[in-house]
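Asker: The primary structure of each chain is shown beneath.
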Amino acid sequence: MSETSTKHTLDPNTWIDKYADYLFNYAVTRVNDSDIAKDLVQETFFAGLKSAKNFEGKAAERTWLVAILKRKVIDHYRKINSKKGKAEVRMNFYENSDNEGSWLEERVPQTWDNDADKMIETTELKSALDQCIDNLPEKYAMVFRMKTIQEFETEEICKELDITASNLWVIIHRARTQLRKCMEDNWFNS
Amino acid sequence: MAKFIISCDEATTICDKSQYGEATFFEKVKLNFHFLICRICLRYTKQNAKMSKVYKMKAHDCKKENNCLSSQDKEQLKKQLQELEA
Numbered sequence: 156m157s158e159t160s161t162k163h164t165l166d167p168n169t170w171i172d173k174y175a176d177y178l179f180n181y182a183v184t185r186v187n188d189s190d191i192a193k194d195l196v197q198e199t200f201f202a203g204l205k206s207a208k209n210f211e212g213k214a215a216e217r218t219w220l221v222a223i224l225k226r227k228v229i230d231h232y233r234k235i236n237s238k239k240g241k242a243e244v245r246m247n248f249y250e251n252s253d254n255e256g257s258w259l260e261e262r263v264p265q266t267w268d269n270d271a272d273k274m275i276e277t278t279e280l281k282s283a284l285d286q287c288i289d290n291l292p293e294k295y296a297m298v299f300r301m302k303t304i305q306e307f308e309t310e311e312i313c314k315e316l317d318i319t320a321s322n323l324w325v326i327i328h329r330a331r332t333q334l335r336k337c338m339e340d341n342w343f344n345s
Numbered sequence: 002m003a004k005f006i007i008s009c010d011e012a013t014t015i016c017d018k019s020q021y022g023e024a025t026f027f028e029k030v031k032l033n034f035h036f037l038i039c040r041i042c043l044r045y046t047k048q049n050a051k052m053s054k055v056y057k058m059k060a061h062d063c064k065k066e067n068n069c070l071s072s073q074d075k076e077q078l079k080k081q082l083q084e085l086e087a
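Protein chains in written order, with my numbering: chain H, 156 to 345; chain D, 2 to 87.
These are calculated hints, taken from the structure and not from any lab test.
All values derive from a computational prediction rather than experimental measurement.
Just so you know, nobody snuck in bad clues.
Taking lysine-lysine and the DSS-like style, the derived pairs with C-alpha atoms no more than 30 Å apart in a straight line are:
no., chain 1, residue 1, chain 2, residue 2
1, H, Lys273, D, Lys47
2, H, Lys281, H, Lys193
3, H, Lys162, D, Lys80
4, D, Lys4, D, Lys31
Can you make the complete structure from the sequences, with help from the hints?
Answerer: Below you can see the structure in the form of structure tokens.
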């Protein structure tokens, strides 16, 4: 019997038509910025072309390109993660010293008046939320969006960004605490 | 007994986790125990459930979006790839 297992081949001339939208959508659901997503897709095709000679034909073309894009997404995450200080607007909500972990008096959640009226789905509500998410430190916004808006599984996010589950929950917690406060100031009690 | 006593920071972390249905039973016990002594975290929790509803609206909107590259962008990408190949 002859070897019949099909070996996959690469055909870079057809990449854009076949995979550009798929890869772009993959990237944009993770980085939530179409310009960054575009750059990542471009880098993926370039890297793919460069390493085409190393392609062994074990995986399908698309799977192979997605694997490259995954690396690019991790690189992007690490880059925004290491950006320290710059435009960081991380807020502290809890005491650090004496009463560790208790609410800081000035950041205690306030009661919301008439919140039933404010919960109705409107474009104003959505744009208030968008603004609050944009105010988060980039890394928090990325993890928060993947978990809450794109509704990825915890395990998947941890694998894709190479972080631990407890790391993820700390980020989600900080993001949600800050978002609650931002929406309180700019929507519920404004 | 000491194991049951958690700070507000920990309590609200558990509360956030439970918004995704991912808090463990023991964590929920600790959280409810904390509510007995802390009304602020109880308030946080109630508001957090409302925030989850708001996020759901947003998530629902995003599901409907289909992200594509413009044909302009694609043409440009093709040119760049061809240049690299040459």
